[in-house]
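S.K.: So you can see what is in the structure, the chains are spelled out below.
There are 4 protein chains.
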Amino acid sequence: MRYTLGCSLSYNILSDTTFIFNIQVARLKSLEILSETLTLKPDLKREIYISPDLQNRYLGVNVPAGQFSLEYNAEVELTVHRADPATINETPISQLPLDILPFLLPSRFVSSDRLTPFAQAEFGAHPKGHQRVNAICNWIHDHLTYQPGTSDGETTADESLLKRAGVCRDFAHIGTAFCRALGIPARFVSCYAHGLVPSDFHAVFEAYLDGRWWLFDATRQADLDGLVRIGVGRDAAEIAFSTPYGNMQPVNQQIRIARSDGLGSPPQRTVDAISTELPAPHAGAA
Amino acid sequence: MRYTLGCSLSYNILSDTTFIFNIQVARLKSLEILSETLTLKPDLKREIYISPDLQNRYLGVNVPAGQFSLEYNAEVELTVHRADPATINETPISQLPLDILPFLLPSRFVSSDRLTPFAQAEFGAHPKGHQRVNAICNWIHDHLTYQPGTSDGETTADESLLKRAGVCRDFAHIGTAFCRALGIPARFVSCYAHGLVPSDFHAVFEAYLDGRWWLFDATRQADLDGLVRIGVGRDAAEIAFSTPYGNMQPVNQQIRIARSDGLGSPPQRTVDAISTELPAPHAGAA
Amino acid sequence: MRYTLGCSLSYNILSDTTFIFNIQVARLKSLEILSETLTLKPDLKREIYISPDLQNRYLGVNVPAGQFSLEYNAEVELTVHRADPATINETPISQLPLDILPFLLPSRFVSSDRLTPFAQAEFGAHPKGHQRVNAICNWIHDHLTYQPGTSDGETTADESLLKRAGVCRDFAHIGTAFCRALGIPARFVSCYAHGLVPSDFHAVFEAYLDGRWWLFDATRQADLDGLVRIGVGRDAAEIAFSTPYGNMQPVNQQIRIARSDGLGSPPQRTVDAISTELPAPHAGAA
Amino acid sequence: MRYTLGCSLSYNILSDTTFIFNIQVARLKSLEILSETLTLKPDLKREIYISPDLQNRYLGVNVPAGQFSLEYNAEVELTVHRADPATINETPISQLPLDILPFLLPSRFVSSDRLTPFAQAEFGAHPKGHQRVNAICNWIHDHLTYQPGTSDGETTADESLLKRAGVCRDFAHIGTAFCRALGIPARFVSCYAHGLVPSDFHAVFEAYLDGRWWLFDATRQADLDGLVRIGVGRDAAEIAFSTPYGNMQPVNQQIRIARSDGLGSPPQRTVDAISTELPAPHAGAA
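Protein chains in written order, with full-length UniProt numbering: chain A, 1 to 286; chain B, 1 to 286; chain C, 1 to 286; chain D, 1 to 286.
Watch out, some of these pointers could steer you wrong.
[Stated by the list, open to error] Just some of the chain C residues that point at chain A, by a computed CB distance under 10 Å: (1) L115; (2) E122; (3) T145; (4) D158; (5) L162; (6) A165.
Since the hints were made in silico from the structure, they are not lab data. Yeah, the Cβ is synthetic: ideal placement off N, Cα and C, and Gly gets one too.
With the hints as extra help, turn the sequences into a complete structure.
M.R.: What follows is the structure, given as structure tokens:
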């Protein structure tokens, strides 16, 4: 599927501010970048950094006081790998590649160590595999209210669980935490999300099953086969779309994604399991 | 300086257990490995993984029920970079390399976001540079009691601060958290530590100042120029010397390090700032 | 029903220790104390304090270094008020007596403010009345494991909820917290508990419904009509059976309760709602 | 000293709301109420409750939808007990009256159990007596920023300590927590405060020393001998000036206190220790 997507961000810079942006689509085999433009006003010097472990594309800019805006546009061709969920098993820890094992560890917002008893009690006896992670998503969807304003940038998965509310970030943190607590590697994914209303940056998570990373969205607000990855990380701390150091105010923020192949959105949510790892599973972290 | 060092670990394995060990010395320009042996009993298949971002050497072993032991021995030549602390300034965030910036983010046990007001209140007005991080170490040393048994594997920096007690892991987490809260990149370091009594794995931290990572030990229990690095990470979660998945009991653990060049320990702690980055600062993550 | 009950507590006192004990049965209309003896060895001076709000009987003793033991024995006649649970409604807050309203407030271990979203999500839509509190007990019983060693004297209701485990103290804290979060006054009760195996001090809770305090035991380990009250309070902090200030070691602790009227225990748990408020509901705090 | 004082509170009631107010001055021997009026608009039925342990005066009102206002005015003669701080010692726990001992226990917002290591490390070795509690106030004043908006109704003492900021409520919670952690009974006090700018309800704390409750204000924003007590409790949960159950919006709130004896405010803060217990120390809870 072909998408045009992008974002327009503008800020009122009160004093020198260093921004780290993570808004460009990831370089994946499954994600062909047909065209891509990034415009800064003023046109300041850019620094690029691609993390060697996760291949996230970071953009660093030092911005002086005044107005600042960023516009990003891309057209991409997304190919997803599909499979019957019933055929996807969990990978025993003893067979996990060593570079996957760090995604079993707790991280700042994914307090999987604290949530281990909770996860074991709710899902420990559930049949294993893709269906178990799907059951986790159902549980989160049924037990939490999607409610902007209930969390902030310091909210952890265990706190969200008690608050019974959150946004996509929090839903993804809980899903990630429950997976790790059950011995299933899981990681946080930021993306452009087709079908999300209103359009915004979205957060979902991936679980590592049967040698491949599979996408899950506990909010059920977007099409799983319409998620165009930006970054992947241990949790939201690593891949915030904007990390500013300085004194500034966001002014405007617009995120967009649309089909560009003249084809409509699928009439209903796919029942397939969806992965963006192509063609062979597990070729490094990408 | 030349050291012989190593560890002997033994376990009673109750059921199949997957171990991830991080006990081999790091591959650094400043750390020449003259010889190295690693013996497993039984001699099980080993998997090796070196993390692309931080160059940690992980060893994975699947161990069946029964007795299991690991013995590691190495001889190394450690060369440290020394400088007058008074000459070492902080690097403004706007000049930090992008691959260093992740070490400003909070992580599972380094809750720097929660500790920002505390750090700003105590050290915000302190003259910047190596001396500020040294002041942080002095503060930790003066305000916390080194006391085994006061923390466990889930204790975070903010919790340690309220408990006013901890072990090397906790001292390093607080130091790392305070630095990050002040805009100074910092990371957790595990090592063999000459001078530590009783001998054990040790944890210290590094702060990024003037384009280079510098070592700090808030416990003041070891020689800064006698720290032989094993791993480096966001916090203790990433570089535990042993991460077991399964059912087992540790039986014995012995860690050792000694000078092997016939020279004695320095009579008193050095007043130099110490770094293991050689010769040019900041050549990648190592 | 008539019971003989009591406890034997012994301590090794290392240095002067002040004890506050709360182990004597409460003075209630429903609880006739037929006989009562309290023996201290050595026979130290006793101070008695009965709290004016809750009528708890506290015993204060200053104990010098050496051996110390306390033996308490009583025979009591307990009369309970029974009603059909289906007939017991909740009392709207607007009709609650003012002296009952403090039991809607959060307290140290009953973090009802933090648990309000959780309680509302699980029980907000449940039909009101005795059956709603019973549903809370069922939920706790089904979702938590009774497991000594999983909590300590600082564990709060929200922490127990994440740990999915606890002892009677924790089960009672969660029940109390959920009730308060739903606008139902609730308080913590310590007692001698007929039917509890092994015999020990027990903790349950009371909810205020239809003008009367009703007993609930989320652990389901004792007979509701065999609970002989010791103390009642906001949470465990107020009515610990022993609060020592000093340096001492518990040596032995034995708690006992038995029917003394020659009648056996009821063959199965009663389906009645049970209250110890007699005869008219709500006559002060008793 | 004679004061006129009072408050005017108004609310927009969206649906039936039950209010518990705690705004009337306490009935103390040291506080003669010369006149007192309380006006409700509309003039709804009032319920009065005076807590038997602490003698707080609670006012309950059920308010229907619409506008609601409360006006309270009083003239009082306040007599304080003064002493040289240097003469005031701590009371050993073994000599504390049993009705004072509950004020050593942790409560919802006064997490003295968690803060014990911190309090012992900072003040454990400090000379005992009034001066130690004064040192606690100095510490709080020096280490925390008085800053509205940094805390909310669920903030605990340990959280405030990490935030290094708060309002009078938080300063009083930390002072109370440190005292209890050191074995000094302490309680939370709400009051009208002469000298406070801008005028507002104020929160301070009392510590029990040498058989008497002494006033302390870690914010140092009001005159210690101009504090007219409203309520006293374990912490802010018990004596909120307004506890509403229902749906309403505060519209306006005005608090006032002035000297009415024609005498000015003292030119500088008294160096005396101040207590409102008269004439003999420790006659019950008043």
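S.K.: Each of the hints needs a verdict: does it hold here or not?
M.R.: Against the structure, the hints:
1. The interface hint given for L115(C) is met, as the beta carbon of that residue sits about 7 Å from the closest beta carbon of chain A, less than 10 Å.
2. Here the hint on E122(C) is kept, as its CB sits about 9 Å from the closest CB of chain A, short of 10 Å.
3. Checking T145(C) against chain A by beta carbon gives a least distance of about 8 Å; that is within 10 Å, so the hint holds.
4. Interface restraint check for D158(C): the shortest CB-CB distance to chain A comes to about 6 Å, inside 10 Å, so the restraint holds.
5. A distance limit of 10 Å between C-beta atoms decides the matter here; for L162(C) the minimum to chain A is near 6 Å, and the interface restraint holds.
6. At a threshold of 10 Å, the smallest CB-CB gap from A165(C) to chain A is about 6 Å, leaving the interface hint in force.
Every hint from the earlier list agrees with this structure, and none is contradicted.
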